[in-house]
Structure formats: structure tokens, C-alpha cells
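Participant: What follows is each chain in one-letter form.
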Amino acid sequence: MRTDIFLAGVGGQGILSFARVLGVLGLMRKMNVVIGETHGMAQRGGSVTATVRYGDVYGSIIGIGKADLLVGFEPLEAARYARILSPKGTAIVSTSPIVPYSISATRGKYPETQDLIGILRNRGNMVIAFDANEIAEKVKFILTANSALLGAVASTGKIDAQLEDFRSAIKKTVPRKAKENLAAFDLGYEIGRKVAEEQKITDSGKKK
Amino acid sequence: MRTILQGKAGSDILLLGNEAIARGALESEIAIATTYPGTPASEIGDSIARVAPDVGVYFEYSVNEKVALEVAIGASLAGLRAITSMKHVGVNVAADALLSLSYMGIDGGLVLVTADDPSCHSSQNEQDNRYYSRIASLPLLEPSNPQECYEMVKIAFELSEKLSLPVIIRETTRIAHMAGIVKVGEIKKNSRTGMFDRERQYILLPAVARRKHAELLQKMDVARRISESSELNKIFQIGKKSKWGIITSSAGFNYAMEVCKDIPLDIEILKIGFSHPLPEQKIASFLKDKDKVLVVEELEPLLENDVRTIKEREGLKTEILGKATGHFSALYEYTPDIVQSAVECVFLGKRPEAERIPASAPDLPVRPPIMCPGCPHSATYYAVKIATKGRAIFPNDIGCYSLGAVAPYKMGDTMLCMGSSIGIAEGLSKSLEDPIIAFIGDSTFYHGGMPALANAVHGGHKMMVIILDNGTTAMTGHQPHPGSNVNAFGESAPALHLEKVIEGFGIDIVRVVDPYDFKNTVNAITEELEQKALSIIIARRACALLEMAERGKILGRRRTIDQEKCKKCGSCIDGLGCPAISRQDNIYSINEILCIGCGVCNQICPHSAIGVKK
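Each protein sequence line maps, in turn, to chains A and B.
So for the first sequence, the numbering used here puts the first residue at 1; every next one is plus one.
So for the second sequence, the numbering used here puts the first residue at 1001; every next one is plus one.
If you're looking for bench data, these hints aren't it; they were derived computationally from the structure.
Cβ coordinates follow ideal geometry from the N, Cα and C atoms, glycine included.
Take the hints with a grain of salt, since some may be wrong.
Unchecked claim - Pairs of lysine to aspartate or glutamate, DMTMM-like flavour, derived with a Cα cap of 25 Å: (1) B:K1241 <-> A:E137; (2) B:K1282 <-> B:D1306; (3) B:K1234 <-> A:D56; (4) B:K1614 <-> A:E137.
To be verified - Not close to chain B: a few residues of chain A, all C-beta gaps over 10 Å, as computed: (5) G23; (6) V24; (7) E77; (8) R121; (9) E134; (10) Q162.
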């Protein structure tokens, strides 16, 4: 039994803290957990990835096409690592782009967000895409965007933990701003649930 | 904030491989810990630094790896336990001490941790430091996960004292930066009092050295016997007993286990944790009842070649597969996919995939690392570019500022090793008519630049050295250096005065500029270039990240672009290269989340289109 989660974003987006919340969750649930982190030069505004793996795992690297969940903190970075996603997997992606300096410097164009999400749709089974920053603005604390993404992660049921486990993992890791983070978490959870329901309806429509 | 002190004896805590090494050291009664920061080793020192005063450990960020090792040696010779950690190339710096230390021997347990970087995630090469255990003739342990990082440090200290030899622990980036559950024990403070035995010979005069070499070989014979019976060299049986086997170490073990369980295969995996001296008899008996054995190790085929030698010596028929048979490459780190392809090819007769699929999509716009918004180095580089019109040769050095080699600055013609920019500049200046401008950071200057500067003075070399002085070792996480007025614990400490240090070399004029004062920086560089002498410019401005962390806020008021005044000349993007400024469909704008208000962009905009955001 194994659950593989791949995290992709831009240096400075709090990806390591996100991985750490999932690590605490694993520890609380007494699951074996392995986290792969990125440190050093790669962090300076570049692509940053991390992995969280539960269950019967040894190393920190997830094989191509093996991730049950792909959490994208930025759409271009999510699409960049679409290959990691299992055909049965779910991608959760925040839709606000961060334009890489290299695109500006080369007078290039940032890809259309819809196209990036399309890449994820072609790989995985489900995509939950929403603007996590917008949720953060709603709860009036910008650093809660990642908690919104975590709410969507919880909604997929792919991690063997109850909603309350997620909530206490948040309280444990960000005790000072727990209220705001939990509010964002709940909003993210709701969005995730809605997307899943919509997909169920479409899928059953297709079957007919 | 996580701390490596959390968790009572017997409890499970979540630790990074590097933190697990630190925890293991704190449970081994260490008295001294030293390091020079370098990815992927940095968190070992950083996590000890955070708790050292509380647990009675002397910790320091030493000026370089050689000194870090020497300080640790001093503690060991006084009978105390010491640990020193460094990145793989750092061991090259320490190697002069290390390779004779094995002759000299030690007293208190001494452990050296080397963090190798297969795939060069944050390094200039991917050298395999297992070679150091061979060239220095020292015991080598290789962990595969945080729990082993923790345990092997404790074992290494016992082993070190038993053999009177330093012990090397070699991890790789994937092990160093992998977090996992570690069952910890009790923190043990040092209870020993330092004592130096003057009767013991720690002086490697030729006559002593010859005798000590013989002693070293005897010690390594003892080490070999310990390795033979060590629990660190262990067989894992997957499925039923078969005639197939894998011999592996470090990260390779993790991938081999997962792949063989997933397929699933009936196979035995011999994990080598105590990898020098090798348990040759254990390997021989493992080979004896096997038809095929695949060796899974990243980088150089050290283990593989030794396994082949053992096979030949024992006259065995076992087929040995690995790099020599083309199943693995000596390049880059492995992944489960790479190992799976080799395992399926060797044991299941599948054809290996022609090309390895990279995890990231190659057709999307890349996002390479860049200097941060407000980084003073950006301003310095742009000032140099204006002053020189880009017409000079630019030896560069190791640090955040290495990124000056890429667009838009393109001012890195060489980048080799710590401190090399100055020495290389000297050779270039004697060989070329072009202006030579070497870039070096403050921490790197103290680490390895000072002897080269002494050489430049004495050799009469005509060139410019720009010391990018941001007051810290920024790239690796803002560790202090001898020029900092605080030590590792944030306590005030005597700081070397950079100008006085350089003046002490006999250089009369040392110009100090503030890169945030752009015009004056350009002027100073232009004037110094005309001198055609050895000139030193210190570009001094605190690292913006550190400054913001200390102030708890951004540096100034955020800037914005007046679209009516903007003539789309590109100075801010193609010249200054500030990553907070973007250009989409030829519209220039400043990202207000990224801008930290350094104010350099409004100084360099030729059309006064950038101002304070209202």
C-alpha cells in the first residue's frame, strides 16, 4: 500500500512547509512517511519540487506516472511535471501564474492557463483547478493559499486520514494563524468536493 | 520551528537526513562540531548551531573545510568527540589534512560527513567521495535513509575510537534532503575533560610516517573484520529464494527494494552500509549461490569493480552486471525508473527503453534559478556591464552571484571552485591584454580567496577584483563568516574588517561602493578600470533576504511603472534583470508581491518611468 504525492511550484511558495504538514499528518496517523525536499541553488526563484510518500516506500523519488496526487502551486510548474501523475491520479492546481523572468527576458509568452490545465487533464483522471490566492484573499491572510490547496487534497480521499487529522496537522504546524488557515482549508475542501461531484455526473453521462 | 532536540528516548520524530545526522551526533557525547556550509550538507551544521549552547557543544562555521576538519582534529587529540560536515567538494579543501590524518590517528571519536551531489543539483561537479575512503584508507559508512543517518553516526563514533581513526560517513543529496521517521534515543552531553597526551606521537616526520603507514594498514585489517560481521551489511530477501541477487548501497538500495517488490521478483538484495573496507567474505558467499548479480550504485563503479575482483579471486561463475555491462551509467543520480529498466533487462530479459523519459516536460518554458528581487549583486553586475560595456574577461566564483554568468549579465567566463576567480584572473592578466575583472563573494574570499590575493600583490598582477560583500554566506542559508559580527548562535563576535584585511596585503586603495547607489558604483568601476593596476572594489550591501528577515519588512516602498512614460527600452529587464519586473506583450510591469522596494530600478530607468507606488 502506497500513496505518492508530488508537489511542484516556484521557490518561495512554501512548498517545503506544505510537505511538512503532510509529514506531521503521517506521523499522527502512524503511517510510514518519506519526504523529498529541494534545498540550495534550485530554490532561488526556480522550479521547486518536493515529494511526500506514505506506506511501503524506501526512497523519496516518485517514478514517472506513479503519483496519486500532483499538487501544483503554480500552473506552469504543475504542467511541467504532468508526467509524474498516474492515469488514475488527481491534479490539484492553483491557477495564478508567476511569469518566469526568462519568459520576459526572451520576450516570450506565458502559456495560456487553460492549455496548462489541459496538459494535466490529458495525464490524470481528475483536475481540481482554482485560484488559491483568491481564497487566501477571502480569509484575509495571503499565506493561507497553501491551506486551500491542502483542503482540496483532503477532499480527494486519496490520503488515508480523516478531515479532523488534516485540521489538527494544520493546528500543529501553524498554531499562530490556525484560524485563518483552517478557514482556507475548508474553502479548498468545498471546491474539491464540488469538482469531484461534477465529474461524477459527467462520467455517468459518458457511460450512458 | 523544528528542533533536533524534540522527542524523548524511544519516540518517533520526523527528521531530514541531515537533521538525523545532527541528532545522532548529539546522542554521541560530541564536544565540538564544525562545518563550512555547502549544499547538500548545510542543514547538519545549521541544526546543531540552533541547539549547541543548550547542549554544551562548541559549534562553529569555520572559515573553510580544511580548518573545520583541523579544529575537529584538535578536539579529538584532546580526547573529545568531534564531528565535521561538508559538501563533497569541501572534502577536496580538507583533503590535505585528511589524507595524512589517517596516518596520524586520533584520540576522541572523529566523524567526517561528506554530502555528495550526484546530478550536480547545487554543485560544480558530481565527484564520488567514496574514493576518499580508498585514497586516505579510512572506514566508510553509507546511509540510505534518515534512520540510518542517525544510527550510523553513533556507530561511526564507536568505530572511530576503536580504531583510532576518523570515520567517513558519505551521504548524497537524496539522503541528506529526505525526511523520514526516526526513532531517537537520549541526548548525551559531553562528560569528558580535555586531556592531551604528549607521549603520543602526532608528528608526521618521515620516520614516524613510515611506521604510521604500517599501523594504518593494521587498523584497516581490524576494520575489515568488523565490516565482515557488521549489521550494516545486510541481506534482504524478497519473495522466494532464487539464484538472482543485487548488491547495492546508499540511494540505490531504496530504488532496488521498491522496484523488486513492485515487479515482484524473487531475489536477494545485499545492502552494503559499511562500504570500506568491504566485507569481502560476505560478498563472496553471497555470490556463490547466484547465477546473476546486478550491482546498483550511483556514480563510479567502485563496488562493482570490487565485486568483480572478489568473483575472480574466488573463481566463481556468477555473472556480474552493472556499468561494465552497459546496464547503468556513471552519470547522474538514479531514479526508481532507471533502476527498474536495468532490473527488468537483467532478470526479465526486457529490452531497456532507448531513452530515459525526464520527469519534467521539455517543451514548456523553463524556470531556472535567478537572483532575488532587490539582490544587490544584480545592481553590481549591471553597473560593471555599463562601465565595461561588457568588454572584459570575467572570472567568477562560487555563491549566489555565480548566477551573474547567465543572462542578462553574462559575466561569468570561468567558475571553478571556491576562491579560484582571483588566481585564474592572475593567469589571464599575464596572458591577455583585455581587462580582467574577478568576482568573488565575501564568504568565498575568506574561504579561499585570500592566498590568491596575496599572490596577486606579490606577483604584480594588473586586474580588478570586485568583492561582492553581502555580509553573509547567502546561498547556503545565511551562515555567518569571519567578517560577520555575530557567530553561529547570533551572539556578537569579533569581525574581520575587510578593507583593513586587504590593506594589510599592501593594497593602498580599496574602494567601497554601495550597489544601491547605482551612479557612484558605475563611476567607481569606470575610474578603477583606467588605473590598469591591481584594484579592489568592495560592493557592499546586505543580502536583501537577510535584511528583510532582520527588519521584518521590505526594504522600501514598492515601485511601479508609469505606462505613459515607459519607452519600452528594456533597461530594467535586459540590463538590471530584476525578476520582479515582467514583460508580456511588450507591456512592462512590476509584480507588487515580488518587489521589495530596493529602488535601483528607478535609478537606472533612462526615462524616469519608474516611481514609488502610491
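Participant: With reference to the structure, classify each hint as holding or not holding.
Facilitator: Cross-check of the supplied hints:
1. B:K1241 <-> A:E137: violated, 60 Å
2. B:K1282 <-> B:D1306: holds, 13 Å
3. B:K1234 <-> A:D56: holds, 19 Å
4. B:K1614 <-> A:E137: holds, 21 Å
5. G23: Incorrect as stated: the minimum Cβ-Cβ distance to chain B is 5 Å, not above 10 Å.
6. V24: violated, 7 Å
7. E77: About 7 Å separates E77 of chain A from the closest Cβ of chain B, which leaves it inside 10 Å; violated.
8. R121: holds, 14 Å
9. E134: holds, 14 Å
10. Q162: holds, 20 Å
Checked against the numbered hints given earlier, the structure breaks hints 1, 5, 6, 7 and satisfies all the rest.
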